[in-house]
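Student: Below, each chain spelled out in residue letters.
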Amino acid sequence: MQIYLPLAEMSSNIFLLLGMGGLVGFLSGVFGVGGGFLMTPLLIFMGIPPAVAVGSQANYIVAASVSGVIGHWRRGNVDFTMGLVLLAGGLVGSTVGVFLFKLLRGIGQIELVIALSYVVFLGTIGLLMLGESARAIIRRRRRGPRRKLHLHTWMHGLPLKMRFRRSKLYISALLPLAIGFVVGVLAAIMGVGGGFVMVPAMIYLLGMPTSVMVGTSLFQIIFVTANVTFLQSVTNHTVDIVLALTLLVGGVIGAQLGSRATGRLRGEQIRGLLALLVLAVCARLLWGLLVVPVDPFTVEVIRP
Amino acid sequence: MRAPATLAAALTLLVATTATAEPLVADLSSHRITIDSGFTGSDVLLYGAVDIAGDMVIVVRGPEERIVVRRKDRVAGLWMNRAEMTFDRVPGYYAVAASRPLGKIASTAFLGLYQIGLDHLRLEPVTEAAEPLAVPFRDAIVRNRVRNGLYRDRIGTVSFLGARLFRTTVRFPANAPTGSYKAEIYLIRDGQVVSAETTPLFISKTGFQAEINYYALNRPAAYGLVAIAIALIAGWLAAILFRRT
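Protein sequences appear in the order of chains A and B. With the first letter of the first sequence counted as 1, position 21 gets the number 21 in my numbering; the numbers rise by one all the way through. With the first letter of the second sequence counted as 1, position 214 gets the number 214 in my numbering; the numbers rise by one all the way through.
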């Protein structure tokens, strides 16, 4: 069955969109990532214009994250204090990011920058996580001594210390603010919620416990993607509600199932699986940059 | 008894006028295509009658657009956009139908003059560019649009029913741009246009789709807020539904 997408100006198979929403929603529930890093390439691959894919899936991620965060919140796995500090940085970052997006689009290099950011960030994070979770799994098998919650470095000497009760942390507020900002910029440029950068940053830079990281990440993603949705619809008119709603129906169901599945998996297993997924997407995009294109020319209609 | 008589008279008159004044009459089965949520493309019948034996050529053009074409080159192993060219007045849709192969109907010069066939479609860059430089970019537009189904590379068939009535079907794909189209109908004999006619067609969005489009373009801030509100409610509803089950 086909459904017409008014802003993408094309029709698409409704079951394919529902299925994609469900799959990405499930992953977002399990990993605490919005799933945008997966959704955007999938939509573009289906032939939806990149700008519409980016704008619409930001709106979809708002819904998937709300649905996911409620599950985590009921189990007390959201650190609101931490979430709000990250969010403050995220809102500034995503606004700066949308501005950069417009600039790069004007000089015709947005696709390259998007692809390169995906490759660099997905590649680095994927490898880091894979290595860490592999070590963790091996350590568990050997039943060796437990690792310290987090290591102390120069970052812990920064001023403006704050207590984050749920995360069992007492660290400088500058750290989550900076992380929020960087993730916000990436979120806007790459058209994602930024969870796949946020989650590793929470683990490795902040040293947050696995239990609260997923819920807290989802919590701040809601607001960052809402900001992106608003800015995209005002500056580029690229939020297709019909597309977002279709993805959403599949996505919210998937997210619920996903947040239940989290309970059955151990932290390092979650991280290992996420790492593999991230690396797969990274490899696909790197391939696209390296291989000789089928048609070196691209055509874009300029709307008045 | 007067009505049939009047009708007969009118018909005679119609045939008479077409016979004397108009060697060619043609029309579309529909002048308006509306795009709704189930739109998957549309077929429009173009039909008419001719008074003189000859060949029929029909050219359908979509609304004109401004287009940027970019070319990728390899830089340090990566493929990135290196050159671009802007084209104006590029038809958003283009299709040709003919009663015989174009080469047998008229000369290349003639086809070029009337821009009949994809090889003869004139697309010129906004800024003056040397001919050999612009050609690959022009060809890229055609190639891209043939791939998207917006330009038909196969010449459609105009079929004759008897000696005078002709018909052809014009296919508009789901991704056809909205706006005004025109069908140019040529009656050609001995390589010259004997008669020509142009008939318009409009593609527009209707109902829910049109409304969404209107608000997205004209009330972007409100549209964005509504989109966010819908997403928040949908996510919340899903969480509630799943709690009960």
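The hints are simulated quantities; they were obtained by calculation from the structure and are not laboratory data. A hint or two may mislead.
Claimed, not checked - Output of the computed footprint for chain B on chain A, the stretches with three or more beta carbons under 8 angstroms from beta carbons of chain B:
1. 58 to 67
2. 94 to 102
3. 125 to 133
4. 167 to 177
5. 190 to 201
6. 293 to 301
Claimed, not checked - The list that follows gives simulated cross-link-like pairs (lysine to aspartate or glutamate, DMTMM-like), each with its CA atoms no further than 25 angstroms apart:
7. A:Lys-102 x B:Asp-27
8. B:Lys-72 x A:Glu-300
9. B:Lys-72 x A:Glu-111
10. B:Lys-205 x A:Glu-300
11. A:Lys-102 x B:Asp-43
Computed from a prediction, not measured in an experiment: that's the story for all the values here. Every residue, glycine too, gets a C-beta built ideally from N, C-alpha and C.
Student: Which earlier hints turn out false for this structure, listed by number in ascending order?
Tutor: 2, 3, 4, 5, 7, 11
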